[in-house]
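A.B. asks: For reference, the chains in residue letters:
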Amino acid sequence: MKLFFTRGVLCMLTACLVVQQQPLLGSPAGASDEQMAGLGKTIYDARCTPCHGSTGKGDGPNAALLNPRPRNFTSGIFKFRSTETGSIPSDDDLTAAIKNGLHGTAMPDWGPFIKGDSLKAVVSYLKTFSPRFQNEKPHPTHVSSAIPSSQASIAAGKKVYAKLQCADCHGNDGTGAGLVAADFKDNWDFDIDAADLTQPWTFRGGSTARDIYLRFKTGVDGTPMPSYVGSASDKEMWDLANYVVSLGRKPAWKMNEQEIKEFYAKLDAQNKANPVQRGKYLVRTIGCAGCHSSYTEDLGIIEGTQFSGGLTFDLYPFGKFTTKNLTSDKETGLGNWTDQEIKRAFTQGIARDGRKFLPFPMPWTAFASLKEDDQNAIVAYLRTIPAVSRKIPDPEKPNIFAYLWGKFRVLILKEQIPSPAYPMRAVENQEKPVSANTSPTSPNLASLGGEGKEVRP
Amino acid sequence: MKKILKRVAIVVVCVGVVGFLAFLYLIPPFDLLPREAFINPHTAAVAASLQKIDDPVERALAERGQYIMSYSDCSDCHTPQGAQGPNWDEFLAGGAKFETRRSGTVHPSNLTPDKETGFSGVSDEDIKRVLTSGVNQDGRIIEPTTMPWISFSNMTEEDREALIVYLRHIKPVWHKVPEWSANRTGSLYLFYPYDFAEHQKSK
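So the protein lines, in turn, are chains A and B.
Just so it is clear: in the first sequence, position 5 is 5 by the numbering used here, and no numbers are missing.
So the number in the numbering used here is just where the residue sits in the second sequence, counting from 1, plus 1000.
It should be emphasised that the hints constitute simulated quantities derived from the structure, not laboratory data.
As the structure is a computational prediction, the values presented were derived from the model and not from experiment.
Using N, Cα and C, we set each Cβ at its ideal position, and we do this for glycine too.
Treat the hints loosely; a few may be bogus.
[To be verified] Stretch-level coverage of chain A by chain B, calculated; a stretch enters the list once three of its residues show a Cβ under 8 Å from a Cβ in chain B:
| no. | stretch |
| --- | --- |
| 1 | 64 to 72 |
| 2 | 128 to 140 |
| 3 | 147 to 160 |
| 4 | 256 to 263 |
| 5 | 285 to 297 |
| 6 | 348 to 362 |
| 7 | 397 to 406 |
[Unchecked claim] List time: in silico SDA-like cross-link candidates among lysine to any residue, alpha-carbon distance up to 25 Å:
| no. | chain 1 | residue 1 | chain 2 | residue 2 |
| --- | --- | --- | --- | --- |
| 8 | A | 266 | A | 175 |
| 9 | A | 250 | A | 162 |
| 10 | A | 320 | B | 1104 |
| 11 | A | 397 | B | 1156 |
| 12 | A | 371 | B | 1053 |
| 13 | A | 250 | B | 1125 |
| 14 | A | 371 | B | 1157 |
| 15 | A | 185 | A | 222 |
| 16 | A | 261 | B | 1043 |
| 17 | A | 397 | A | 371 |
| 18 | A | 343 | B | 1104 |
| 19 | A | 320 | A | 345 |
| 20 | B | 1097 | B | 1071 |
| 21 | A | 371 | B | 1041 |
| 22 | A | 250 | B | 1156 |
| 23 | A | 261 | B | 1157 |
| 24 | B | 1171 | B | 1125 |
| 25 | A | 272 | B | 1125 |
Put together the whole structure using the sequences plus the hints.
C.D. replies: Shown next as structure tokens:
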């Protein structure tokens, strides 16, 4: 008790000291370079490392499930700039990205939380990750005077859209469903999608004609979207920008009764026609891979283990349950399951062999509300996940005394059932956490019980 | 005679104890705690109450939002847990206690539009920011392994909007959820590596 009290007091004292130091670090008058660098690092470590990683490689613990991935600062390549293609971004570009966020991604608007000197400090700290910022200077692109939107300009823009073959990636209607749009990769070998030009609220770099004009001018570095300087004139780019603005549709929340009805009907029909795409969306938003993956010590998913299972939940008194391999591997995954068996498992909680799941941690009670089409879509997408051979141990009961005592408490004494098993505790309780340092790009699956190796429970 | 009675009694007690233990061992846990207790019985009633929304666009969005909420499983954590499974009468009124080593004790918030304890005072923008980036109203980042915002960040803006419209129209429930306990002792900064006292300055 005494020890606990002493510790508490110590903690509070330290906390007070830390809190009191912040204004000193951030004081605008005469903050030295060293202090600014310290402030930048402190804020970066607190706010940015969860996704961008402490070394700025875009590999923080939260990175593995984000689409698009967090930016890798060490390459010095940035997508949304006001500088020529291939050039580093200006300070203002970086500031704007932090302050306003990037729409349609997990990057929030930090404006309300990081201000003034703190913002400057973070920007200068970001620039230390790549040597390009020391060796090069940003080359701002020249923005010519805008051509106001008009019928003529939009019609001219439509011709430019055809001439520059925008439809190959973005589709004839601009929905991002062009012929070659299926499997795009960025410079870091991550999947990316061609922008859906009909949803301007998702444009990362902004949705005004000027913002769109800038994308043609500067290109989106690190992706297949090139700069069109040289292949189109400035006038053509403004016309095209006006045309792209005109492609934007109304978002659902601004529609009227008739429009929203038609919109949802169309959406449902589209989803039915593209089950794999719909399934991918559902699986990503539900976050199946959040549990059906293996984790590192710093609570990040090990790259490459997504969907192959391996996270163990200790649900006293029911036993230990390890998440299953959802990949299409025939031996250890879902390869040999029929569509019906997969659907029964995630909507009714009944395993292939007829065993019944607990109502947690696998939330099949929630997935029971999925519509038939959506269930089929999820199965269709799960079938496309590349096979990973990884044997998952069977559920394990605790020793007989603990099992009986636990059941007595839960079933007879009616004590509180274990709170819904959330991944946090499972991740924290891993018996042998895998070190984050073992090459994150090519996981050593053997050490995780992969490559067909038997795992001892 | 007494001796025999005593022996019989001992045998009966032994058989009783062994039988009870065998019963405990063999009975599947959910014969006494039915699996159905984990499925919301009020879904249809909530759907009917959404029909009463006057604005047809909001009604369409809220219906969509209900579907998204139900398969996204918000209620698993945000509905209070009782001895017999979730307490469905306090649907989405903030729930279970999560004890984590790293972020301290976390209590999922009350998502109902209750004026005092719920979400009615929280702006759409703040809710959206939590759903896409896990950034709380005060600038802290929520652990994605407790609140899976990483998955929800993949939602389309239209689905997110529908979800919020739905949350604005469900039954308000007064249910005060305790604060994030690590915050109160000031140890959050020390034990929660993502946090930073910066927001105190920005206020």
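A.B. asks: If a hint holds in the structure, say so; if it does not, say that too.
C.D. replies: Against the structure, the hints:
no.	hint	verdict
1	64 to 72	holds (count 3)
2	128 to 140	violated (count 0)
3	147 to 160	violated (count 0)
4	256 to 263	holds (count 4)
5	285 to 297	holds (count 4)
6	348 to 362	holds (count 5)
7	397 to 406	holds (count 3)
8	A:266 with A:175	14 Å, holds
9	A:250 with A:162	24 Å, holds
10	A:320 with B:1104	24 Å, holds
11	A:397 with B:1156	41 Å, violated
12	A:371 with B:1053	24 Å, holds
13	A:250 with B:1125	19 Å, holds
14	A:371 with B:1157	21 Å, holds
15	A:185 with A:222	9 Å, holds
16	A:261 with B:1043	22 Å, holds
17	A:397 with A:371	34 Å, violated
18	A:343 with B:1104	37 Å, violated
19	A:320 with A:345	18 Å, holds
20	B:1097 with B:1071	22 Å, holds
21	A:371 with B:1041	18 Å, holds
22	A:250 with B:1156	14 Å, holds
23	A:261 with B:1157	18 Å, holds
24	B:1171 with B:1125	22 Å, holds
25	A:272 with B:1125	31 Å, violated
Violated hints for the displayed structure, listed by number in ascending order: 2, 3, 11, 17, 18 and 25.
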